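Engineer: Each chain, letter by letter, is given below.
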Amino acid sequence: MRFSFIAVSLGVLFGASAQADDDVYPVVSDPLTASACGECHMAFQPQMLPARSWKAIMQGLDNHFGEDATVDTMAVSKIESYLVANAGDVGWDNEILRGVSSSSTPLRISELPKWIDEHDEELPANVWSRADVGSKANCRACHRAADKGYYDDD
Amino acid sequence: MKKILLLTLMFTGMAFSNVYAQSPQSVVLTFYENLQREQAVDFKGFSSERGQNLFVSAFSDGKPDIPSCTTCHTPSPTGTGKTRAGKIIEPMALSINNARYTDTVKTEKWFRRNCKSVMGRECTPREKGDFLTFMMGQ
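So the sequences go chain by chain: U and X. Position 139 of the first sequence, counted from 1, bears residue number 139 in my numbering, the numbering being contiguous throughout. Position 37 of the second sequence, counted from 1, bears residue number 191 in my numbering, the numbering being contiguous throughout.
Read the hints as simulated data drawn from the structure, not as lab findings. Just so we're clear, the structure is a prediction, and the values are computed from it rather than from any experiment. Note that the Cβ used here is the ideal one computed from N, Cα and C, for glycine as well. Check each hint, because a few of them may be wrong.
[Stated by the list, open to error] Here are the computed distance ranges between Cβ atoms for each label pair:
| no. | chain 1 | residue 1 | chain 2 | residue 2 | range |
| --- | --- | --- | --- | --- | --- |
| 1 | U | K114 | X | A253 | 34 to 44 Å |
| 2 | X | S214 | U | H64 | 18 to 28 Å |
| 3 | X | R204 | U | D93 | 37 to 47 Å |
| 4 | X | R204 | U | S81 | 42 to 52 Å |
| 5 | U | A145 | X | T228 | 25 to 35 Å |
| 6 | X | T258 | U | H64 | 22 to 32 Å |
| 7 | U | T70 | X | G233 | 23 to 33 Å |
| 8 | X | E192 | U | M74 | 23 to 33 Å |
| 9 | X | Q176 | U | D72 | 26 to 36 Å |
| 10 | U | D93 | X | Q193 | 25 to 35 Å |
| 11 | X | D215 | U | K114 | 36 to 46 Å |
| 12 | X | S214 | U | E111 | 23 to 33 Å |
| 13 | X | E192 | U | A85 | 49 to 59 Å |
| 14 | U | A75 | X | E192 | 22 to 32 Å |
[Claimed, not checked] Short derived list, chain U residues pointing at chain X, Cβ under 7 Å:
| no. | residue |
| --- | --- |
| 15 | H41 |
| 16 | S129 |
| 17 | G134 |
Build out the structure end to end from the sequences listed, making use of the hints.
Structural biologist: Here you go:
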């Protein structure tokens, strides 16, 4: 429902996405990661960031984008192992990581050059502050089945 | 006849006190009460007013974007809140959300995180007990 509202109000931007290769991701299969990293936002798919990014995120949970997101030490190492083993630069050539220099450690999916291409160029800048979106990290506001790995909404 | 009545009364009484004693919320609250008793000999009970005050106050020692509990939980205990990443937070008032305060580990985890984010420090057992007493009466 909300999606169709967005599609209509933004001028049906989703129409052309069907042929893209990078619109389906595996579901987050580790239950601990899915729950611990799905409390404040959906649990993001590990394939969307390189391994070094996940390491940095897991080592900085006491100041996680300005919030305390700490979990116990056991959980930190379990979650980190899962995220690193399934990271976007491990074993597959991932379109969304295109253009990320190997010397940078992006902490946000929404700051990847490819992500910015897909979003900032197609969406009006004020969309992120709209009440039903609120944040770039609110993937599900637009991609309703993002938690199932689907970004091919149309 | 009298005996049966007495027995029935005894059983209902027991059933009631059991339900009360075992309510998961009272287990959580008792956890904080015991902690507070260890710290303060003159424990005089938790206060719903102090809890309300904690909930609505704005603090300056935490993260600048999140000065108050109400930033995410809305100013109303019955309001549906939102995280900064846009995810829904179910209401905090026990009367309309009885899934609240049923698991000490969960409650304690969020007190730890949220007090640090908002106030720049952990809440004391008394502050936690006050907050819960307020929310359980809402």
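Engineer: Evaluate each hint against the coordinates.
Structural biologist: Hints and how they fare:
1. Checking the proposed 34 to 44 Å range against U/K114 and X/A253 shows it holds: the Cβ atoms sit about 39 Å from each other.
2. The supplied range of 18 to 28 Å is met by X/S214 and U/H64, whose beta-carbon atoms lie about 21 Å from each other.
3. Hint check: X/R204 to U/D93, Cβ distance near 58 Å, so the stated range 37 to 47 Å is violated.
4. Roughly 43 Å separates the CB atoms of X/R204 and U/S81, a value that falls within the hinted 42 to 52 Å.
5. The hinted range of 25 to 35 Å is satisfied by U/A145 and X/T228, whose Cβ atoms lie roughly 28 Å apart.
6. The supplied range of 22 to 32 Å is met by X/T258 and U/H64, whose beta-carbon atoms lie about 23 Å from each other.
7. U/T70 and X/G233 have their C-beta atoms about 26 Å apart, which keeps the hinted 23 to 33 Å range intact.
8. At roughly 27 Å, the beta carbons of X/E192 and U/M74 sit within the given window of 23 to 33 Å.
9. Checked against the hint of 26 to 36 Å, the pair X/Q176 and U/D72 passes, with Cβ atoms roughly 27 Å apart.
10. Hint check: U/D93 to X/Q193, Cβ distance near 57 Å, so the stated range 25 to 35 Å is violated.
11. Separation of X/D215 from U/K114 is about 39 Å and conforms to the stated range, judged on CB atoms against 36 to 46 Å.
12. A C-beta distance of roughly 29 Å is found between X/S214 and U/E111, which places it inside the suggested range of 23 to 33 Å.
13. At roughly 43 Å, the beta carbons of X/E192 and U/A85 sit outside the given window of 49 to 59 Å.
14. U/A75 and X/E192 have their C-beta atoms about 28 Å apart, which keeps the hinted 22 to 32 Å range intact.
15. Residue-level restraint check for U/H41 holds (minimum Cβ-Cβ distance to chain X is 4 Å; threshold 7 Å).
16. The beta carbon of U/S129 is not positioned within 7 Å of any beta carbon in chain X (closest approach about 11 Å), and the interface hint is therefore violated.
17. The restraint placing U/G134 at the interface with chain X holds, with a minimum CB-CB distance near 4 Å, inside the 7 Å limit.
Going through the hint list in order, the structure does not satisfy hints 3, 10, 13, 16.
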